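Asker: Here the protein sequences come in this chain order: A and B. The opening position of the first sequence corresponds to residue 1 in the working numbering, with each subsequent residue numbered one higher. The opening position of the second sequence corresponds to residue 1001 in the working numbering, with each subsequent residue numbered one higher.
Just so you know, the hints here were simulated from the structure itself, not pulled from any lab data. Quick caveat, the model's predicted, so the values are computed rather than measured. Every residue gets a Cβ at the ideal spot worked out from N, C-alpha and C, and that includes glycine. Just so you know, not all the hints are guaranteed correct.
[To be verified] Partial list, derived from the structure: chain B residues whose beta carbon lies under 8 Å from chain A:
no., residue
1, 1016
2, 1023
3, 1024
4, 1026
5, 1027
6, 1067
7, 1068
8, 1071
9, 1074
10, 1079
11, 1081
12, 1091
13, 1094
14, 1095
[Claimed, not checked] Ranges between beta-carbon positions, derived for each pair:
no., chain 1, residue 1, chain 2, residue 2, range
15, A, 518, B, 1090, 29 to 37 Å
16, B, 1090, A, 525, 50 to 58 Å
17, A, 406, B, 1090, 35 to 43 Å
18, B, 1023, A, 441, 33 to 41 Å
Single-letter residue listing:
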Amino acid sequence: MISEYAGPGMTDTAEPAGRWVLERPRSDAVSGLSEQARRPFRVALTVLVIGLAITAALTVVSSAVNRSNEKRLLVLHGRELGAVLAEALPSVQTPMASAAALADATAGNPQKFKRFIASYVGGPPRQFVGVSLWRLSGGRWSPVAEVGAPPLLRSTHKNVAALFDRAASNHKLTLAGLVRSGPHTLRLGYAFSTSTMSGSGGSYAAYGEGAIPANRRSRLESNQAFSELNYAIYLGRAPATQNLIVTSLKRLPIRGPHSTVRVPFGDTVLTLVVGPRQALAGSLPGRLPWIILGVGILLSLGAALMTLRLQRAVYENRRLYAEQRTIAHTLQHALLPETLPSIPGLSVSGRYQAGAENLEIGGDWYDLITLKDGCVLLVVGDVAGKGLPAATAMAALRFAIHAYAVQGDTPTVFLPKLSRLLSVTEDRLLATVLCAVVDVDAHEVTVTSAGHLPPLLSSSQGSTFIDTPPGLPVGVERDPSYTSTTVTTPRGATLLAFTDGLVERRGESIEVGLERLRAEVSPNHMPLDDLLGRVLEQLREGAFDDTAIAGIQWLS
Amino acid sequence: MAELGKAAGAELTYELGEDSDGCPVVRLRGELDMTTAPKLETALEPIVTTAPDRLVVDASELKFADSSAIALLVRWANMVRHVEIRQPPDLLQRVIVRMGLADRLDVRP
């Protein structure tokens, strides 16, 4: 996150380095951001898809659970209804068996038969609409007595004898099937015989007919048991319409989920088919999948919208952050010299690096000013603090120094005047400034410090800091006084001036940082630009403060 | 004891007391940098503006101080006749010397 401003060096690289560096982070930021701009939608869409998928899965599962539950309940209810149906057998079989036994015992006494059976015959809730007693005599079955409605047996069954023969051999309730008279009267016929075919006193059989509701439909009352079921009862194993005894429905077969139960009934079976009239487990389990679906879709949409908003906020923050950085850097670089003057016999270079994650503009600067008489003024300064106040103070100081220097003032003359521009008491700002007047041909450097770190002089003979008694920083008091120190420099020497961001680390003495710099620079045989790059790379790792560094190097 | 600038990463606590001769003593603990210095200044404004003859800054437990800290100390030194900095950590003392402020700030190691 360190963006670097490579000041236009006076070495043979003619490329205007400043422009290239300024645009690079911006284009990076823009392409990165347009990519990021689509991110919120993608993330929100992912959340939506995941939410809907979970909703769909839950809906399917809950629906399946509900279906299987309904099915289980239906089977259960079907069995219960079958059990109830099975209980109907004795109510039909017992009177028939008793009547047949009575006939056997009384040699077919019609009066006794009639007296006995009369209580079972009549309208609902009696079992039979009519019962008759039949006797086998001379190979023929003929009626002996009749109670209630006359049997319809002969109108339906051509071979009446076969039925009674079967009953005589069965010794259990034998179904005659559905008997009818005309299109509307339909009954269920039963026969029972206790005698054996070889009986000496003749064989008797009781024959009864039970009523079947009109159109074979039975209305269910809502308070009745099993009122939540639709049912159809068929005689025999096949649920065919012609075998239908009774149903609760207008139309058959039962559509949708249904359960089939077979109940033994005399010599045949009854087939019971049941289907639900309504949800058997109540309405809630049936509605649950829809509730889950609705709530799930709403939650998914809500989550997606929330994600979109949050992601947009994150994106917006990033964008603002990037923008802020760009603005701060642009302003910073605008306040630094766009080009350094070309000095015969010298290589010159300056760089500025913003601290890691630094949003605010700093107050570090460097400058190189051509003076008269083949001299150059190298300035590095640092306004304590951040933001626009520091930056504007920095600009004011830089341009003031420029003006004073061009006018002919030496650092000891113009540095006191700078304190009129800045006051730590009023502006809460102070600045440290290092001035180095370089006499190129005389190989001399005159250093003046307003509370600034000393410059490093490096050559093949080693590196030393040019320690000069530091005067007060700019802004501490009006018209402070400064002293200068002049040193002679070896051939090919390099002079580096820098701000404390290069050497200062938390919890570490500044002397340690200065020594680290000295060790890094010596021995130095590098071209100035490479040296600055290397120093920044090696020493700026983990640095948070801004750094300005500028240097000159004698070409001979 | 008051805490300053905990959220900003740097953490500074200060304690106010009095010396035997009644001059205010502020005891600093933690880091005095550009995030905590303005808060400390605001917090101590009532004391500094009463213009006591002497202000003692006990810096023995100060871990870090940057140029904002120096600026604050200098500002106090300009407002109060005498600012005494007691037992500053070596790194702070060296910065004060490097910045040519040794004469302005009465450093008592």
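Asker: Out of the numbered hints, which ones does the structure contradict?
Answerer: Violated: hints 1, 2, 3, 4, 5, 11, 15, 16, 18.
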